[in-house]
Amino acid sequence: MTKPGRMIEIVKLNKWFGQFHVLKDVSLSVREGEKFIICGPSGSGKSTLIRCINQLETHQEGSIVVDGVEVDPKGRNHREVRSRIGMVFQNFNLFPHLSVLDNCTLTPRLGLEMPKAEAEEIAMTHLSRVGIAEQALKYPLQLSGGQQQRVAIARALCVKPKIMLFDEPTSALDPEMIKEVLDVMVELAEGGMTMICVTHEMGFARQVADKVIFMDQGEIVETNEPNAFFSNPRFDRSADFLSHIL
Amino acid sequence: MPNDLQVFVPAPDRPAPLDSTGVVGWIRKNLFQDIPNTLMTILGAYILFVVVGAVLNWAIFNAVWSANSRRECLDAVGRSGACWPGVFVWFENLIYGLYPKDQVWRINVGFLALVLWMVPLWMPRVVSKVAIGLSAVALYPLLASYFFLGGDKGIIWTALIAAGLTGLIWVWATALSETFKGKTIGVLVVDSLGQADADEARQRLTRRLATLAVFIVACLIISSLSFVEVRTRFWGGLFLTLVISGIGITFSLPAGIMLALGRRSNLPVIAMFSTLFIELFRSVPLVTILFMFNTMLPLFMPAGTEVNQLLRAIVAVCLFAAAYMAEIIRGGLQAIPKGQYEAADALGLTYWQTTSQVVLPQALKIMIPAIVGNFIGLFKDTTLVSIIGLFDLMNMARAIGEDTNWLGLFIEPFFVVSMIYFVFCFAMSSYSIGLEKKLAAGRDR
Chain A
137 MTKPGRMIEI VKLNKWFGQF HVLKDVSLSV REGEKFIICG PSGSGKSTLI
187 RCINQLETHQ EGSIVVDGVE VDPKGRNHRE VRSRIGMVFQ NFNLFPHLSV
237 LDNCTLTPRL GLEMPKAEAE EIAMTHLSRV GIAEQALKYP LQLSGGQQQR
287 VAIARALCVK PKIMLFDEPT SALDPEMIKE VLDVMVELAE GGMTMICVTH
337 EMGFARQVAD KVIFMDQGEI VETNEPNAFF SNPRFDRSAD FLSHIL
Chain B
10 MPNDLQVFVP APDRPAPLDS TGVVGWIRKN LFQDIPNTLM TILGAYILFV
60 VVGAVLNWAI FNAVWSANSR RECLDAVGRS GACWPGVFVW FENLIYGLYP
110 KDQVWRINVG FLALVLWMVP LWMPRVVSKV AIGLSAVALY PLLASYFFLG
160 GDKGIIWTAL IAAGLTGLIW VWATALSETF KGKTIGVLVV DSLGQADADE
210 ARQRLTRRLA TLAVFIVACL IISSLSFVEV RTRFWGGLFL TLVISGIGIT
260 FSLPAGIMLA LGRRSNLPVI AMFSTLFIEL FRSVPLVTIL FMFNTMLPLF
310 MPAGTEVNQL LRAIVAVCLF AAAYMAEIIR GGLQAIPKGQ YEAADALGLT
360 YWQTTSQVVL PQALKIMIPA IVGNFIGLFK DTTLVSIIGL FDLMNMARAI
410 GEDTNWLGLF IEPFFVVSMI YFVFCFAMSS YSIGLEKKLA AGRDR
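Protein chains in written order, with our numbering: chain A, 137 to 382; chain B, 10 to 454.
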């Protein structure tokens, strides 16, 4: 079992895609309310790591404990784990055939068997929080990318998650729209949500992160405070990476 | 902000050039743009004129409209005009087959019931359209089969037919309640009995009792009816075609969905069974399947059981159609991006929730043209049942030319039959285009 206050505890996680060893002995511990930023070159296993946490990918070795629940890699308790985690994707993955409001109420109504009126009320609360309330009856493809991503955040929040995972949430956005999404994420972070975010938005990382994790070749190279990481990285590999993105 | 910045003002929109819009613009641009284009237009108009003229001459201006035999027609106009009296004499058989003439009204009432069942689907204020559609699939056949088949009915059969009638009554109660009162029939019943404030369990009980009351009335109505049995070998014509293709179409969609999902399943036994079924029935011509079911199925059945010939044909058509539909649906399922599944997974939806709420609505929408194309194909393919001796619309038309009075009269009946087929297929096609537009409205980029 986890120690009190531990939201996510990953110990010696290993994963292979066929023969390719994507995650090598990754260990990570996130306390309640902490914000972790994961960065690293493409193919370093960042996305795979956070996708293992809610079991969009299954791992082969090691253990993941989410909010006291040991994740079963064979999938017997996926729903129990996923009900604690909200996830936001690079490509939004909104359901295009449902209105913004229905996107948000779908899981509460089906999965949590909430009455429609209550689900809509909660959805509207979260939609106003991300500033999309007046677009609730539109369909996702009628919105801009930034608006769609904000809807995706609201949709994830409607499941009342204890942890939010962000998989490069701003990478598919036009520069003008990145800020509106980051603003929502900052607000969420200030509200005390536990967050793990794969992103290269270093300004955002400096602003909200408790820890920055740098990954390369499937391993965690460096875990550091954001200011220390950016101004004074401990490893040559991190410094090299920073010199390319800053 | 510094004051010396220039202010950007977008240029105002100008109207499009006149000759590129409107009817005249369209004609100029599309028909008479340059010399080759003009020549093609004139040539096309000439061909159209010749073909349409020839058909009209044959079918109307030179046609014989009253005669007692084909000989009289030939003596009057030879082969330059159509001989319609043969088709008129046989017309009732083309539509109803050899169904007893004094019982034909049952077919009409049966199809009227179907129309009544479907009308609420086009009523704009009705919201329970999915439920109405499902009830038509599940309950209408019970009602229709009694009207078409007739004969003795035991208690169970009576109850099933009454369930069909209850369904029809529910559909119209729902349609009227939602159109005029703006609430579902369940809510309306509960409200009008003064139980609007009662708790959930009590309201549910009230709704069930109301349904039961309607069901009992339906039972009384049904048990007071007694129709003579009309065996399926007297069924024929357009009626038979509609029965076979109607059942085939209705069965093929849900069965195709299940097979398509089965083929993509992670459970190897289900995946293998679905794949085998699909590949087997897709790789064999429908004619062969019809023959197999017609001649070989009885051999495998225990001695003494007899399976109705029409039923054998229907089963064959259904299985064949389901296999084709499965592959079409699978195509639609594959077009759904992986991200949709991941988002649904991440939200904690179950497999069936994901499939029914996220994947299928999108997949079916993309596949509407292909699905309706398949329906149209199936509707026309039912002509093949004539090969095992069923008198569908096509075979009935052929029978006219074998009547001693109208010996050799084939072109006219086939002309009429193709018109009938065209009307039905064109209606399906137009409906699908309308449906696509409706579903696409406001949801696409």
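It cannot be assumed that every hint is accurate.
Stretch-level coverage of chain A by chain B, calculated; a stretch enters the list once three of its residues show a Cβ under 8 Å from a Cβ in chain B [said to hold, decoys possible]: (1) 147-157; (2) 213-221.
Counterexamples of contact, computed for chain B against chain A with all Cβ distances above 12 Å [unchecked claim]: (3) Trp35; (4) Ala353; (5) Leu358; (6) Pro370; (7) Lys374; (8) Val425.
Using C-beta positions, here's what the derived DEER-type ranges look like [what the hints assert, rightly or not]: (9) Ser367(A) x Met281(B): 46 to 52 Å; (10) Ser280(A) x Leu276(B): 26 to 32 Å; (11) Gln353(A) x Val146(B): 32 to 38 Å; (12) Val18(B) x Ser178(A): 41 to 47 Å; (13) Pro251(A) x Val316(B): 16 to 22 Å.
These are calculated hints, taken from the structure and not from any lab test. On a predicted model such as this, the values are computed, not experimentally measured, just so you know. A virtual CB, placed ideally from N, CA and C, is assigned to each residue, including glycine.
Structure-based check of each hint:
Given as covered by chain B, the stretch 147-157 of chain A fails the check, having 0 residues with a CB less than 8 Å from a CB of that chain where 3 are the minimum. With a threshold of 8 Å between beta carbons, the proposed coverage of the stretch 213-221 of chain A by chain B holds, since 5 of its residues qualify and at least three are required. No beta-carbon of chain A comes within 12 Å of the beta-carbon of Trp35(B); the shortest separation is about 30 Å. A beta-carbon of chain A is positioned within 12 Å of the beta-carbon of Ala353(B); the least distance is around 8 Å.
For Leu358(B), the non-interface assignment is contradicted: its Cβ lies about 6 Å from the closest Cβ of chain A, within the 12 Å cut-off. With a minimum CB-CB distance of about 5 Å to chain A, Pro370(B) fails to clear the 12 Å threshold, and the non-interface call is violated. Remark: the non-interface label on Lys374(B) conflicts with the geometry, its nearest Cβ contact in chain A lying 7 Å away (cut-off 12 Å). Annotated as non-interface, Val425(B) keeps its C-beta farther than 12 Å from every C-beta of chain A; the closest such distance is 42 Å.
The given range of 46 to 52 Å is broken by Ser367(A) and Met281(B), whose C-beta atoms sit roughly 60 Å from each other. Checking the proposed 26 to 32 Å range against Ser280(A) and Leu276(B) shows it is violated: the Cβ atoms sit about 41 Å from each other. One distance hint, 32 to 38 Å for the beta-carbon pair Gln353(A) and Val146(B), is violated here, with the actual separation near 56 Å. Hint check: Val18(B) to Ser178(A), Cβ distance near 43 Å, so the stated range 41 to 47 Å holds.
For the pair Pro251(A) and Val316(B), the supplied restraint of 16 to 22 Å is violated, since their beta-carbon distance comes to about 49 Å.
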